[in-house]
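**Q** Sequences and hints are given; from them, build the entire structure.
Below are the chains, spelled out letter by letter.
There are 2 protein chains.
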Amino acid sequence: MTSRPLDDNKVIQIGLVVENIDEAVQAWSLLLGVTPPSIIITETVDVAHTQYHDSPTPAQARLAFFDLGQVALELIQPVGSPSTWNDQLTAHGPSLHHLAFEIKGMEKHIRELAKHGLRLIQRGEYTGGRYAYVDGQKQFGTVIELLEND
Amino acid sequence: MTSRPLDDNKVIQIGLVVENIDEAVQAWSLLLGVTPPSIIITETVDVAHTQYHDSPTPAQARLAFFDLGQVALELIQPVGSPSTWNDQLTAHGPSLHHLAFEIKGMEKHIRELAKHGLRLIQRGEYTGGRYAYVDGQKQFGTVIELLEND
Numbered sequence: 001m002t003s004r005p006l007d008d009n010k011v012i013q014i015g016l017v018v019e020n021i022d023e024a025v026q027a028w029s030l031l032l033g034v035t036p037p038s039i040i041i042t043e044t045v046d047v048a049h050t051q052y053h054d055s056p057t058p059a060q061a062r063l064a065f066f067d068l069g070q071v072a073l074e075l076i077q078p079v080g081s082p083s084t085w086n087d088q089l090t091a092h093g094p095s096l097h098h099l100a101f102e103i104k105g106m107e108k109h110i111r112e113l114a115k116h117g118l119r120l121i122q123r124g125e126y127t128g129g130r131y132a133y134v135d136g137q138k139q140f141g142t143v144i145e146l147l148e149n150d
Numbered sequence: 151m152t153s154r155p156l157d158d159n160k161v162i163q164i165g166l167v168v169e170n171i172d173e174a175v176q177a178w179s180l181l182l183g184v185t186p187p188s189i190i191i192t193e194t195v196d197v198a199h200t201q202y203h204d205s206p207t208p209a210q211a212r213l214a215f216f217d218l219g220q221v222a223l224e225l226i227q228p229v230g231s232p233s234t235w236n237d238q239l240t241a242h243g244p245s246l247h248h249l250a251f252e253i254k255g256m257e258k259h260i261r262e263l264a265k266h267g268l269r270l271i272q273r274g275e276y277t278g279g280r281y282a283y284v285d286g287q288k289q290f291g292t293v294i295e296l297l298e299n300d
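From first to last, the protein sequence lines stand for chains A and B. The first sequence maps to residues 1 to 150 in the working numbering. The second sequence maps to residues 151 to 300 in the working numbering.
If you're looking for bench data, these hints aren't it; they were derived computationally from the structure. Each hint should be verified, as a subset may be incorrect.
[What the hints assert, rightly or not] Only part of the chain B face toward chain A is listed, based on derived beta-carbon distances under 10 Å:
1. Lys-160
2. Glu-173
3. Trp-178
4. Ile-191
5. Leu-225
6. Ala-264
7. His-266
8. Gly-291
[To be verified] In silico DMTMM-like cross-links for lysine to aspartate or glutamate, where the CA-CA straight-line distance does not exceed 25 Å:
9. A:Lys-104 - B:Asp-217
10. A:Lys-10 - B:Glu-173
11. B:Lys-160 - A:Asp-87
12. A:Lys-104 - A:Asp-135
13. A:Lys-138 - B:Glu-224
14. A:Lys-138 - A:Glu-19
15. A:Lys-115 - A:Asp-7
16. B:Lys-288 - A:Asp-87
17. B:Lys-288 - A:Asp-7
18. B:Lys-265 - A:Asp-7
19. B:Lys-288 - A:Asp-22
20. A:Lys-10 - B:Glu-193
21. B:Lys-160 - B:Glu-257
22. A:Lys-138 - B:Glu-257
Don't be surprised by glycine CBs; every beta carbon is placed ideally from N, CA and C.
**A** Spelled out as structure tokens, the structure:
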């Protein structure tokens, strides 16, 4: 690996999969003492170009974000399948899906991490950027997300 | 709940349970491009007064911490049982155990959270402070840790 495969080691997201995001948003809002954030849905595959194990997937997710300082807590309710979000929820119930780090140069980072056994499992786009999930469950106890904003 | 049950919503720890902390420290050190941190072990029950479901437990844990900015990544290898660390590893393998928040007034916070169904599952002490884990798996997808430093 390069000396800093993640560019910057400041984790910027903690992504949890949940069964029911409406209930989870309520519960977290009470715990954090904040106004419930909006729930959004990821773009459809024609816009997001979502790929799961190198094939297009119609899976989407409903998302909500809470401000925990440097880190955003991201709640994720899978919608459809196949997706790594759905895999995690099916296997483990409500639980951590990923820790996210912001990088510059997505293809370079994906190649670099693949050399060390961190396999790309899903990728996609959103307005202003793109993401990639690499499989770190065994070595790291979590999926690692690379986020690149333009 | 009070308006801010966690006092401050800045998450300060992401705690992951691992099978083998020596291997996990090596893997994370490579991924983050940093020198491997020391591995420590929690105090024995006579010093830490570790309680699991209101009874003393001899369980300990080997720990290592990585600096991710505002947040520390805590790797946890359970040593002995019963403990909430061991429960998580047994049920789900390497995975998120807790998100930690720093609070002032441990007993008040434990009582307040208990009123809302967040049950105390384990507590203990360390040099300069104390911790409590409350069960948030179902509602929150994670155990919530309260940390109080003197």
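**Q** Now tell me if each hint is right for this structure.
**A** Checked hints:
no.: 1; hint: Lys-160; in the structure: 4 Å, holds
no.: 2; hint: Glu-173; in the structure: 8 Å, holds
no.: 3; hint: Trp-178; in the structure: 7 Å, holds
no.: 4; hint: Ile-191; in the structure: 19 Å, violated
no.: 5; hint: Leu-225; in the structure: 8 Å, holds
no.: 6; hint: Ala-264; in the structure: 13 Å, violated
no.: 7; hint: His-266; in the structure: 7 Å, holds
no.: 8; hint: Gly-291; in the structure: 4 Å, holds
no.: 9; hint: A:Lys-104 - B:Asp-217; in the structure: 21 Å, holds
no.: 10; hint: A:Lys-10 - B:Glu-173; in the structure: 22 Å, holds
no.: 11; hint: B:Lys-160 - A:Asp-87; in the structure: 29 Å, violated
no.: 12; hint: A:Lys-104 - A:Asp-135; in the structure: 19 Å, holds
no.: 13; hint: A:Lys-138 - B:Glu-224; in the structure: 16 Å, holds
no.: 14; hint: A:Lys-138 - A:Glu-19; in the structure: 23 Å, holds
no.: 15; hint: A:Lys-115 - A:Asp-7; in the structure: 17 Å, holds
no.: 16; hint: B:Lys-288 - A:Asp-87; in the structure: 18 Å, holds
no.: 17; hint: B:Lys-288 - A:Asp-7; in the structure: 34 Å, violated
no.: 18; hint: B:Lys-265 - A:Asp-7; in the structure: 43 Å, violated
no.: 19; hint: B:Lys-288 - A:Asp-22; in the structure: 14 Å, holds
no.: 20; hint: A:Lys-10 - B:Glu-193; in the structure: 30 Å, violated
no.: 21; hint: B:Lys-160 - B:Glu-257; in the structure: 20 Å, holds
no.: 22; hint: A:Lys-138 - B:Glu-257; in the structure: 37 Å, violated
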